[in-house]
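In the order they appear, the protein sequences are chains A and B. Just so you know, the first sequence maps onto residues 19 to 332 in this note's numbering. Just so you know, the second sequence maps onto residues 76 to 271 in this note's numbering.
Source of the hints: derived by calculation from the structure; they are not laboratory data. It is possible that part of the hints are untrue.
Simulated pairs of lysine to aspartate or glutamate, EDC-like, Cα-Cα distance not exceeding 20 Å [stated by the list, open to error]:
#, chain 1, residue 1, chain 2, residue 2
1, B, K155, B, D127
2, B, K265, B, D240
3, B, K265, A, D262
4, A, K150, A, E160
5, B, K146, B, E87
6, B, K254, A, D68
7, B, K146, B, E84
8, B, K254, A, D138
9, B, K146, B, D85
10, B, K254, B, E224
11, B, K148, B, E235
12, A, K150, A, D161
13, B, K167, B, E223
14, B, K167, B, D127
15, B, K148, B, E247
16, B, K265, B, E223
17, B, K265, A, D161
18, B, K265, A, D158
19, B, K265, A, E198
20, B, K155, B, E209
21, B, K265, A, D138
The lines below spell out each chain.
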Amino acid sequence: MNSDRSSYGGHLDDDAIQGLLDAAEGHVGAETESARRHLADCPGCRARADAWQEVFGELGRLRRFAPPGRFAERVLSGIDLPGEAASPSRAWSWGRLRRWLSRTAADAHLSGRRLQELADGALSRKRATLAKAHLATCVDCEDRLAGWRRLIATLETLPSLAPAAGFAERVMARWQEMAEETVSPGQAARRWRLWPRSPRGWVLAGTLTSMPAAAFGAVAAFLSTVPQLTTAGLVTYLWWQARDALSAFGSTLLAAVVQSGAAFRAYSLADYLIASPAVAVAAAAGFTTLMLGSIWILHRNIDFPRFALRHVHS
Amino acid sequence: MSLNYQSVEDAELVTLAAQGREGAYRELLSRYQRPVFSLIYRMVRNRTVAEDLAQEAFIRTFNAIDTYNPKYKFSSWIFKIANNLTIDHLRKRRVPTVSMHGAPDAVTPEAQARTSLVVRSPGESPEEYVENRELAGQIEAAIGELREEYRVVVLLRHIEGHTYDEIARIMEIPLGTVKTYLHRARAELKLRLAEA
Ligand SMILES: [Zn+2]
Ligand SMILES: [Zn+2]
Numbered sequence: 019m020n021s022d023r024s025s026y027g028g029h030l031d032d033d034a035i036q037g038l039l040d041a042a043e044g045h046v047g048a049e050t051e052s053a054r055r056h057l058a059d060c061p062g063c064r065a066r067a068d069a070w071q072e073v074f075g076e077l078g079r080l081r082r083f084a085p086p087g088r089f090a091e092r093v094l095s096g097i098d099l100p101g102e103a104a105s106p107s108r109a110w111s112w113g114r115l116r117r118w119l120s121r122t123a124a125d126a127h128l129s130g131r132r133l134q135e136l137a138d139g140a141l142s143r144k145r146a147t148l149a150k151a152h153l154a155t156c157v158d159c160e161d162r163l164a165g166w167r168r169l170i171a172t173l174e175t176l177p178s179l180a181p182a183a184g185f186a187e188r189v190m191a192r193w194q195e196m197a198e199e200t201v202s203p204g205q206a207a208r209r210w211r212l213w214p215r216s217p218r219g220w221v222l223a224g225t226l227t228s229m230p231a232a233a234f235g236a237v238a239a240f241l242s243t244v245p246q247l248t249t250a251g252l253v254t255y256l257w258w259q260a261r262d263a264l265s266a267f268g269s270t271l272l273a274a275v276v277q278s279g280a281a282f283r284a285y286s287l288a289d290y291l292i293a294s295p296a297v298a299v300a301a302a303a304g305f306t307t308l309m310l311g312s313i314w315i316l317h318r319n320i321d322f323p324r325f326a327l328r329h330v331h332s
Numbered sequence: 076m077s078l079n080y081q082s083v084e085d086a087e088l089v090t091l092a093a094q095g096r097e098g099a100y101r102e103l104l105s106r107y108q109r110p111v112f113s114l115i116y117r118m119v120r121n122r123t124v125a126e127d128l129a130q131e132a133f134i135r136t137f138n139a140i141d142t143y144n145p146k147y148k149f150s151s152w153i154f155k156i157a158n159n160l161t162i163d164h165l166r167k168r169r170v171p172t173v174s175m176h177g178a179p180d181a182v183t184p185e186a187q188a189r190t191s192l193v194v195r196s197p198g199e200s201p202e203e204y205v206e207n208r209e210l211a212g213q214i215e216a217a218i219g220e221l222r223e224e225y226r227v228v229v230l231l232r233h234i235e236g237h238t239y240d241e242i243a244r245i246m247e248i249p250l251g252t253v254k255t256y257l258h259r260a261r262a263e264l265k266l267r268l269a270e271a
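Extracted from the complex, chain A is given alone in its bound form (with noise of 0.2 Å):
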């Protein structure tokens, strides 16, 4: 068979209309199709068809021989013909050519899956109302739509099965005690920055506080043995070493940076501050709070958001 001779929709040749009067009588192909399309509105075509069919017709009415006596009912009792196939005359007439042209797809029967989907509603309106159409004309169709009917019916039956009484109470108790144990919600989470929440935490966090405080005994220990020290002495002499320190550290500044208005205010600043402990003890305090507050925003802000809301009982 020659598709594309029928397919680019050109006048069909002799192939295409032999092929197309096989496939009325069942032989269908692909091609036939778009044969069917051009037959349908060229003049030319159909009357080279009619001419074909003529041939047909002709070789249809070859003289038939006379088969043995019965022959026809041995022959009919032992094959299923369907009913048009079961007339006497093979010939083709171009009105059954013309009917075998305007089948729909309503003459074929339905798949399984077809008629399911019919069954379960699932099928587009277009093709719900052609699969209707062959249904109201064929008893075997409807039997097995009548069959998967039945199977959803039965399944849509089944009762929805409850879990044990207490359940959702269950459910409810366990995530809440999982939100406390777990270190994601907030609370729990700030809970863990303020306290160790295990004995090896606990270890830790005491060794790395009390490790300062024991340096400083340990000094203050040794300078007691020092009899010419005393207390406001030790103390005025660290102060000139920290003064000493930062007064280094200025000029090394100084001398670093060429010598622009900002750095020499900087050092200014920092000359002033020294002149006056209370103004660098405000001054360090401040910053420090400053530091630590956003921290705080950022920590409630931007690290646990969702959290924040979850515990509101209503």
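Once you have looked at the hints, place chain B with the ligands on chain A.
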């Protein structure tokens, strides 16, 4: 402040829940505990396991409540979580199958007898009895014999009444696959029920 949660739509309930309203969580639970449990129970066919999995499904849903995409139905979302958990459970639990007629390499009658399963009828506990009665009957048995994917689609479609699109979303498979699974599942059920 008190709200009548029963008259609130799913999507709105989720918003309220995300704001930390405990009542909204409780209402979601009371709406979905039965369908979610039902599905899981018919998949794993064991009440205790089904309740554990259903509880896990709700806890996961609640913990992820602020990732919920309101474009989709809440029911699709919670069923998706429940289905994933159940399939995971069934996959993990799956063991190499042993034939009732003995190991495949058992050739002599003695070896077959040695390796075949002993099918006993142990004294049933009251819960087991209830369970067996609940999932007894031809249809339940036929559903239980379907492979997992087919069982899920049948349960979601014909017991929970989800649309084909929703099932595709729940199972994370294409719509065409949903149709094929459903078609084959129903064909198998029909066959089994005709045999019985
Ligand atoms: Zn033509
Ligand atoms: Zn039919």
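Now for the hints, and whether the structure bears them out:
{"no.": "1", "hint": "K155(B) <-> D127(B)", "verdict": "16 Å, holds"}
{"no.": "2", "hint": "K265(B) <-> D240(B)", "verdict": "24 Å, violated"}
{"no.": "3", "hint": "K265(B) <-> D262(A)", "verdict": "97 Å, violated"}
{"no.": "4", "hint": "K150(A) <-> E160(A)", "verdict": "9 Å, holds"}
{"no.": "5", "hint": "K146(B) <-> E87(B)", "verdict": "13 Å, holds"}
{"no.": "6", "hint": "K254(B) <-> D68(A)", "verdict": "45 Å, violated"}
{"no.": "7", "hint": "K146(B) <-> E84(B)", "verdict": "14 Å, holds"}
{"no.": "8", "hint": "K254(B) <-> D138(A)", "verdict": "11 Å, holds"}
{"no.": "9", "hint": "K146(B) <-> D85(B)", "verdict": "12 Å, holds"}
{"no.": "10", "hint": "K254(B) <-> E224(B)", "verdict": "12 Å, holds"}
{"no.": "11", "hint": "K148(B) <-> E235(B)", "verdict": "14 Å, holds"}
{"no.": "12", "hint": "K150(A) <-> D161(A)", "verdict": "13 Å, holds"}
{"no.": "13", "hint": "K167(B) <-> E223(B)", "verdict": "13 Å, holds"}
{"no.": "14", "hint": "K167(B) <-> D127(B)", "verdict": "15 Å, holds"}
{"no.": "15", "hint": "K148(B) <-> E247(B)", "verdict": "14 Å, holds"}
{"no.": "16", "hint": "K265(B) <-> E223(B)", "verdict": "17 Å, holds"}
{"no.": "17", "hint": "K265(B) <-> D161(A)", "verdict": "14 Å, holds"}
{"no.": "18", "hint": "K265(B) <-> D158(A)", "verdict": "17 Å, holds"}
{"no.": "19", "hint": "K265(B) <-> E198(A)", "verdict": "50 Å, violated"}
{"no.": "20", "hint": "K155(B) <-> E209(B)", "verdict": "25 Å, violated"}
{"no.": "21", "hint": "K265(B) <-> D138(A)", "verdict": "15 Å, holds"}
Against the hints set out earlier in the document, violations occur for numbers 2, 3, 6, 19, 20.
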